[in-house]
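Visitor: If you want the building blocks of each chain, they are given just below.
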Amino acid sequence: MSLVFAAICSHAPGITARAEMADPADRDALYAAMAGLREQIEAVRPDAVIILAAEHFANFFMNNMPAFAVGMGETYSGPIEDPNWLKIPKREVRGAPDLGKRLVSEMLQTVDIAYAEEWQFDHGIIVPLHLLDPENQLTVIPANINCQGPPLTPLYRAWAFGEAIRRAADSVPERIALIATGGISHWPATPDSGKINEAWDRDFLDRWLANDRERLLAYTDEETYRDAGQGGFEIRTFIAAAAAARGKGTLQFFRPIPIFAVSCTVAIMEIA
Amino acid sequence: MSLYQLSKLLYVLNRDDAAKTLFKSDPTGLTQQFALSEEECKAVLDHDVGLLYVLGVNGQILMHFAALCGVAWPDYLQAMRDGVTRYGPVRAGLYAMTTGADEKVAGV
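Chains as they are written, first to last, in my numbering: chain A, 6 to 277; chain B, 3 to 110.
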């Protein structure tokens with residue numbers, strides 16, 4: 006049928022791994038926002054959910070790093086992290102190989118993506134999935150943009166990937182939802198973990214909610230690294246979601262939570 | 003300096019159960035599969051998270067190595083701070099420390 010839903014949310018591992026170290030009011034508010042997102046996904050009855058993440062060397066490494074990757078496997082597993090560390094039990098997730106192949110074929114018309122029939126989900130996908138699909142009911146198509154190992158995927162190519170996702174979703178009879186995960190400013194897994202540039206995050210979200218392509222693509226990696234840390238490179242997934250949805254966004258949750266290392270965010274975007 | 007090889011070892015260790023088993027039974031055997039400098043090899047064998055951080059290992063790989071070695075999150079952050087104090091600033095990569103050695107941004 007088409008792309009029927011688009012949203013963005015945070016995927017920081019601390020959201021589950023360090024849940025007990027957080028102020029319960031912060032944690033519960035975020036979890037409630039994710040429960041709200043779960044209900045919105047259920048309401049659109051997607052046949053498959055594309056989860057577009059910025060994975061962290063779970064499947065893709067500098068021995069052969071794709072700028073973009075899309076899954077078309079039968080099943081996926083995760084978390085790749087120690088379940089006791091991430092505090093998410095291992096699960097097997099249903100994929101959609103036939104649909105995945107059709108989507109990949111269409112995306113390849115404009116963007117040179119890699120495809121993968123094997124994929125171990127890391128926190129970039131499994132943290133949101135744990136909260137959005139606790140019963141493991143969803144059919145998932147994982148997607149990835151290289152936000153970790155430089156040279157990184159340029160922002161304008163992330164936009165082009167988002168456009169390709171939209172065109173591909175609109176070319177199939179199935180109902181497709183898109184959830185892009187990441188962080189805005191953050192300095193993850195370093196001694197700086199917990200540092201958050203809230204003003205930068207709010208400015209980025211202003212650009213995203215307005216779907217202002219020019220301003221979303223105006224960042225240089227040097228500026229992002231300086232102002233938003235190495236974690237800020239993950240804005241690529243949110244940018245791709247804006248390109249796919251084409252509409253205006255609605256912010257449903259925003260709160261800097263240092264023990265989770267990011268401004269925790271939930272937003273949806275109108276499909277236009 | 004062979005940061006790529008060092009990072010590759012940790013990447014493999016994070017995702018491969020056989021490598022985890024080897025790391026426990028014969029850690030030297032695992033390190034010999036990669037072209038490491040003496041300093042890099044020692045950092046792995048000593049579980050020296052601080053030195054690995056200073057050598058430039060990406061935190062997204064390093065935090066899982068720390069977890070594998072039984073290092074809790076607050077101790078992982080402190081090991082990196084101690085590493086910078088002991089060995090100097092991060093020498094390569096994107097994961098430099100921008101906060102002070104006594105600064106605990108998120109309270110840990």
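A few of these clues could be false.
To be verified - Calculated lysine-lysine pairs in the BS3-like style (CA-CA distance at most 30 angstroms, straight line): (1) B:10 - B:26; (2) B:26 - A:253; (3) A:95 - B:26.
Hints were generated in silico from the structure; no laboratory data involved.
Visitor: All the hints need checking, so say for each whether the structure fits it.
Guide: Taking the hints in turn, this is what the structure says about them:
1. B:10 - B:26: Holds. Residue 10 (chain B) to residue 26 (chain B) sits at ~18 angstroms (cutoff 30 angstroms).
2. B:26 - A:253: Violated, at about 52 angstroms.
3. A:95 - B:26: holds, 22 angstroms
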